Amino acid sequence: MNIKPLADRVLVKPAAAEEKTVSGIIIPDTAKEKPLKGEVVAVGKGTKDEEMVVKEGDKVLYGKYAGTEIEIDGVQHLIMRQSDILGIIG
Amino acid sequence: MNIKPLADRVLVKPAAAEEKTVSGIIIPDTAKEKPLKGEVVAVGKGTKDEEMVVKEGDKVLYGKYAGTEIEIDGVQHLIMRQSDILGIIG
Amino acid sequence: MNIKPLADRVLVKPAAAEEKTVSGIIIPDTAKEKPLKGEVVAVGKGTKDEEMVVKEGDKVLYGKYAGTEIEIDGVQHLIMRQSDILGIIG
Amino acid sequence: MNIKPLADRVLVKPAAAEEKTVSGIIIPDTAKEKPLKGEVVAVGKGTKDEEMVVKEGDKVLYGKYAGTEIEIDGVQHLIMRQSDILGIIG
Amino acid sequence: MNIKPLADRVLVKPAAAEEKTVSGIIIPDTAKEKPLKGEVVAVGKGTKDEEMVVKEGDKVLYGKYAGTEIEIDGVQHLIMRQSDILGIIG
Amino acid sequence: MNIKPLADRVLVKPAAAEEKTVSGIIIPDTAKEKPLKGEVVAVGKGTKDEEMVVKEGDKVLYGKYAGTEIEIDGVQHLIMRQSDILGIIG
Amino acid sequence: MNIKPLADRVLVKPAAAEEKTVSGIIIPDTAKEKPLKGEVVAVGKGTKDEEMVVKEGDKVLYGKYAGTEIEIDGVQHLIMRQSDILGIIG
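So the protein lines, in turn, are chains Z, P, X, W, V, B and S.
If you're matching positions, the first sequence starts at 3 in the numbering used here and goes up one per residue.
If you're matching positions, the second sequence starts at 3 in the numbering used here and goes up one per residue.
If you're matching positions, the third sequence starts at 3 in the numbering used here and goes up one per residue.
If you're matching positions, the fourth sequence starts at 3 in the numbering used here and goes up one per residue.
If you're matching positions, the fifth sequence starts at 3 in the numbering used here and goes up one per residue.
If you're matching positions, the sixth sequence starts at 3 in the numbering used here and goes up one per residue.
If you're matching positions, the seventh sequence starts at 3 in the numbering used here and goes up one per residue.
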């Protein structure tokens, strides 16, 4: 089953929450909003104001409150705007 | 009877609320806003700033508080802006 | 007596409130904002940002709190912006 | 004595408050904001974003809280933006 | 000593507060915000979005809370944006 | 040591607070926000929307809450946006 | 491991907090928001509205609440928008 995100939205499969990831990023435990990691699964076509630069397969960092949860084939995903993505890990 | 949505609005017939849909999307029961599913019944002509990309017959995901309810020939529908649509299922 | 709405405003004569209309639209009794029906009586010239697409005689749906009431020759009307109109019935 | 309104402002001389006007407009007594009537006395030159369409002598409808009061030669007037004018009576 | 207002700002020397001015404008004593009178002393160069139309020597009306007070050679003045000026008296 | 302000920012060295300055500007003691004086030390390159018009050496007036404090070689300075500057003294 | 900041974002490695830095900038202890220092580690590609002017290696000043914390290979960094950067030290 497929979801095509609309406009400047991106479908992200969150990485399992872990204290220390393989790639060496540790999400510190402080009062500041902390980014989370995930993998881009599908990308919208963008808008006049927002060209899409992330692509399928990108590992991305995004804010804690970014996006809307949906469950696809039993796995939780997030649909968020590209502007909610802070950076690409690579 | 017909409704022509104005500008960037879309007329959506919501899918029956179900815990697990045939296509495998489960709406999870968490605190986050959860998207709902429906079928596009009619589409406005768009605006200078918003070109219409959804079309009649599209199965769409939209936020819980999207749109305004109207009942057409006894069936409840929603009129919402295209920007309230998160993605197309397909 | 005549009212020429300014800019992107529209003069609407509300339909009599009824539980079920001839055309089959029932205004459901729920917590969500419910649209009302009316007939367009006069249309402004639009603005640079808002071209007028409704025209005199159109039956329209609009939100419950749209517009400003005025009484013309003893009949209550509403002056609202075109963007307050959700759709055209036809 | 003369006042030249700046930009997209309009100087309006309010009509005397009356329950029913000669032209047949009755200001209904409900909870909604009700428009008032007045005559345009002077008009600004407009702005890049707002071309002036009302002109001296126009009878206009405007919202209850529109504009700033000034008294000219003993008569109370209002300076308001053209966008505060709902429509022209004629 | 000279002040050159920046951008779309105007330096105004307020008229002495008086119940009834020579030119016949009376500031009425009501709940609405009442404009005040002053003379333009210096004018900025404007901005891309705001061309300057007031000029030195203009008698102007402005809102009660417009601008920032400064005292020049012992006399209180106001620096305000041109958009705070309601109209020119003349 | 040098600070290059970014975009439309300006580095200002505040004048010593004094009741009455040499140039005759007195900061009045009222409830309204009062401008302060300083000298421009460095100027950003501006932005698409904000061309820089102040230059190094300009004596400027700015609002009481403008900018962010930094201390350079033991002297307190302010980094503020050009739009926080009310006028140039000269 | 690498992070590529998206759009107009910048990855900054904060300088160790110190009362007085080698370069002579002292962060004063007052009520106003105080800038912090750091080094730019990676820069996004910018957006239509925000061209990137900071570059890798720049020493920058930024506001106390700027950005989102992430830890890379055991060292805390910040991802912030370029507009959160006040100036470049150099």
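The set of hints was computed from the structure by calculation and includes no laboratory data.
Do not take every clue at face value.
Simulated restraints, written as ranges between beta carbons of each label pair [stated by the list, open to error]: (1) X:47 / W:4: 27 to 33 angstroms; (2) V:78 / S:51: 38 to 44 angstroms; (3) B:16 / V:57: 28 to 34 angstroms; (4) V:48 / X:47: 14 to 20 angstroms; (5) V:67 / S:48: 38 to 44 angstroms.
Keep in mind that this is a model prediction, so the values were computed, not measured.
Just so you know, even glycine gets a beta-carbon here, dropped at the ideal spot from N, CA and C.
For each hint, the structure was consulted:
| no. | hint | verdict |
| --- | --- | --- |
| 1 | X:47 / W:4: 27 to 33 angstroms | holds, 29 angstroms |
| 2 | V:78 / S:51: 38 to 44 angstroms | holds, 40 angstroms |
| 3 | B:16 / V:57: 28 to 34 angstroms | holds, 32 angstroms |
| 4 | V:48 / X:47: 14 to 20 angstroms | violated, 29 angstroms |
| 5 | V:67 / S:48: 38 to 44 angstroms | holds, 39 angstroms |
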